[in-house]
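Number of protein chains: 2
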Amino acid sequence: MISEKMKELVAGSSIIRAMFEEGKLMSTKYGSENVYDFSLGNPNVLPPAHIITAINEILVEEEPNLVHGYMNNSGFESTRDALAKSLNKKYNQQLSCNDFVMTVGAAGGLNVILKTLLNPDDEVIVFAPFFGEYKHYVSNFDGKLVVIPPNPPTFMPNLDAFEKLITHRTKAVIINTPNNPTGVVYDIETLQKLGEILTKKETEFNNSIYLISDEPYREIAYDNINIPCVLDFYQNTFIAYSYSKSLSLPGERIGYICVNPDINYKQDILQGLNVANRILGFVNAPSLFQKVIERCTDITSDITLYNQNRDILYKHLISLGFECSYPEGAFYLFPKALIADDKQFCQDAKQFNLLLVAGSAFGCSGYFRISYCVSNETVVNSLDAFTKLANLYK
Amino acid sequence: MISEKMKELVAGSSIIRAMFEEGKLMSTKYGSENVYDFSLGNPNVLPPAHIITAINEILVEEEPNLVHGYMNNSGFESTRDALAKSLNKKYNQQLSCNDFVMTVGAAGGLNVILKTLLNPDDEVIVFAPFFGEYKHYVSNFDGKLVVIPPNPPTFMPNLDAFEKLITHRTKAVIINTPNNPTGVVYDIETLQKLGEILTKKETEFNNSIYLISDEPYREIAYDNINIPCVLDFYQNTFIAYSYSKSLSLPGERIGYICVNPDINYKQDILQGLNVANRILGFVNAPSLFQKVIERCTDITSDITLYNQNRDILYKHLISLGFECSYPEGAFYLFPKALIADDKQFCQDAKQFNLLLVAGSAFGCSGYFRISYCVSNETVVNSLDAFTKLANLYK
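Residue numbers (numbering that gives the first Met the number 0), protein chains in the order written: chain A, 0 to 393; chain B, 0 to 393.
So here's chain A without its partners, still in its complex pose (with noise of 0.2 Å):
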């Protein structure tokens, strides 16, 4: 008796989620020290302690009916001239606050996007491998998820598939660098190429594509690598950014959306947001963490950690033979599985305890993800579990 659409979605429900589920119950059965789950980012370094002092001051020195009250709908403005403020400064921009739109998360920020962008058929494209949800995100608006194939050993975006696929009904664009599940980062020739492919499209279908930018892990970058800023390549773009991960801050749901001051439609644009926003059900962003965020502008999570896991795993698992492109983002590692079927690999790696995502997950078989956001320890000790199973395709 749920919808037919629900029905579908249920019987699929993300592999990610349900090995969320799986680790849980592993780690009663085993013990936790004795589970090692890559599945899932959620982040393992601590919140910084500015978020503490912060939540702290704000509930001593504001106005308790202001901090837990209604706001304007795209988010408190001092906030979101905080946030102008900060990245004018990082990236040289020229945003004001009218310029973001508060949400729930990323997600929220891309469900909003597209509810405001998209007429039912609209395509929309992403590069595979890619998030699995974006699918979703997508299909809630009954727009056309368009599928750029894998481009591996790198896993930059093949730019010359792209180019061919764009077409008329082309919408939207999404992009997510660092890259979920690759590690990838974008460098400018490619956001450059990327924005001259788009605009040459715009003119040849007199129509306007959005380029919507997923950067949960752009604060999360190693070897002081420069993350270019999306915004200096293409005019008609959306940033949807979350503190889940540069925050360690995923349960709270906040982040933003922010536009290019110079995007097509603007005001129809920052209408839609915030009505989608509103009528979608999220009405506002978490009041308290904006408020924290306000105060928090600057602040990122130590990632030494990440850094130290990324490069434990990574020379474990070239030591083993494992092909596998070296992440200069995020907290994942996106290797060549060792047998064609990835979702088998994975399935076979349980028995050593180890949990990791079947690249299928993101449109790229062939592959599996290790979300290496855990402690230390998890890593060290899952080193054994590595081996066996490599050992087992011998």
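Bear in mind the hints are in silico, worked out from the structure with no lab data behind them.
Each hint should be verified, as a subset may be incorrect.
Copies of one chain are not kept apart here, so a pair can be met inside one copy or by any two copies together.
Stated by the list, open to error - Mimicking DSS-like on lysine-lysine, the simulated pairs with C-alpha atoms at most 27 Å apart in a straight line are:
(1) Lys-134 x Lys-6
(2) Lys-4 x Lys-134
(3) Lys-265 x Lys-88
(4) Lys-143 x Lys-6
(5) Lys-6 x Lys-265
(6) Lys-89 x Lys-349
(7) Lys-4 x Lys-143
(8) Lys-314 x Lys-387
(9) Lys-199 x Lys-163
(10) Lys-84 x Lys-23
(11) Lys-265 x Lys-23
(12) Lys-200 x Lys-4
(13) Lys-163 x Lys-88
(14) Lys-342 x Lys-143
(15) Lys-393 x Lys-342
Here the structure is a predicted model, which means the values were calculated and not measured.
Here the structure of chain A is known, so what remains is to put chain B in place on it, guided by the hints.
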């Protein structure tokens, strides 16, 4: 370039929200003490001190990665457990944690329920006057809103009209008691008859028809009136609850869905709610406030102020010749306008710095809503303005 549907939505953007913004502008212009803003349900009563205590305790006592981290999309089990215990005691129910899904307020909850249930063109019945957002929530999932005409002067639901308008396409019925905008509370007899009609129609059409009880005002009732538990009157019932009003936390977006333990297709429904919460982009209800609720299940804001406001305003309006039913709950009065055109009436009220919402926004023209969750000072100072408004039409 925004979607066709969104163009219409932006054009007809919420009157209530527009007035909220207008009120802020007027406050800047005339001074907030000279503007009588009765437009929005933004509680003036402080959140109970327990809330702040709970936040402080959680930040000290609990592990930050658990407090701010991901959990099952349905919410922390410990929170849902505490809720089950609380409702079991209060309403003599047999609920377990599995009968609850924590949501981003009741607005989030209603969207999650409708996403789970509705096929395109399924009918959802509401009783006028009704919270205008229901229209959008139903439209989000391509459902068809069926409106039962208002039943003045009592504004109890017209159950004869209701029975006639149930068809084989009726998938759900939304009720809201204590009611926004009328303040009416459905009594046991009404709920009993409603349940009987639904049970009869389920048999007649060999279909499940789901009752969705939107209950953000459940704890806001006066004169020790008994608010019956809807679960007692019909099997296929959802409750969508919010702490926005009862704990004065509207900005925090925290609420829950509770299903009748005997609901048809229970496992499908619970899984559907879980999936809908995830893919609509809520992912989960804000985590810190789930923990807060867990520690404050039986706490409610002090509603003495609302009670006083109700009586002062009601008496004054009656003395001015307004027709108005005496509200038993929520914090709204819904008097008859002094001219047929309620929009014009609310427009006229602005010259006295009175912000009121036209009944048309609730599907009931000829009336207007006063939201009295404001300071006592605002109420007292506004009385003259109401007198002047009434004199306009003498």
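Hint-by-hint comparison with the structure:
Proximity of Lys-134 to Lys-6 under the C-alpha cut-off of 27 Å is found in both arrangements, the shortest distances being 16 Å within a copy and 24 Å between copies. When the C-alpha separation of Lys-4 and Lys-134 is checked against a cutoff of 27 Å, the pair qualifies both within a copy, at 13 Å, and between copies, at 21 Å. Proximity of Lys-265 to Lys-88 under the C-alpha cut-off of 27 Å is restricted to the intra-copy arrangement: shortest distance 23 Å within a copy versus 52 Å between copies. In this assembly of identical chains, Lys-143 and Lys-6 lie within 27 Å of each other by CA distance both inside one copy and across copies; the values are 19 Å within and 20 Å between.
Only between protomers do Lys-6 and Lys-265 lie at most 27 Å apart by alpha-carbon distance; the minimum there is 13 Å, versus 38 Å within a single protomer. Neither within a single protomer nor between protomers do Lys-89 and Lys-349 lie at most 27 Å apart by alpha-carbon distance, with minima of 43 Å and 45 Å respectively. Taking the shortest Cα distances, Lys-4 and Lys-143 sit within 27 Å of each other both inside one copy (15 Å) and across copies (17 Å). Taking identical chains as interchangeable, the C-alpha atoms of Lys-314 and Lys-387 lie at most 27 Å apart only when both belong to the same chain, with a minimum of 16 Å there against 80 Å between chains.
Taking the shortest Cα distances, Lys-199 and Lys-163 sit within 27 Å of each other inside one copy (12 Å), while across copies they are farther apart (57 Å). For the homomeric pair Lys-84 and Lys-23, the shortest alpha-carbon distance between copies (24 Å) is at most 27 Å, but the shortest distance inside one copy (42 Å) is not. For the identical chains of this complex, Lys-265 and Lys-23 are inter-copy neighbours only, at 23 Å across copies versus 45 Å inside a copy, given an alpha-carbon limit of 27 Å. Taking the shortest Cα distances, Lys-200 and Lys-4 sit within 27 Å of each other only across copies (25 Å), while inside one copy they are farther apart (33 Å).
Neither within a single protomer nor between protomers do Lys-163 and Lys-88 lie at most 27 Å apart by alpha-carbon distance, with minima of 37 Å and 63 Å respectively. With identical chains, the CA atoms of Lys-342 and Lys-143 are at most 27 Å apart within one copy only, with a shortest distance of 26 Å there and 41 Å across copies. Taking identical chains as interchangeable, the C-alpha atoms of Lys-393 and Lys-342 lie at most 27 Å apart only when both belong to the same chain, with a minimum of 19 Å there against 78 Å between chains.
In the structure shown, a violation is registered for the earlier hints numbered 6 and 13, in ascending order.
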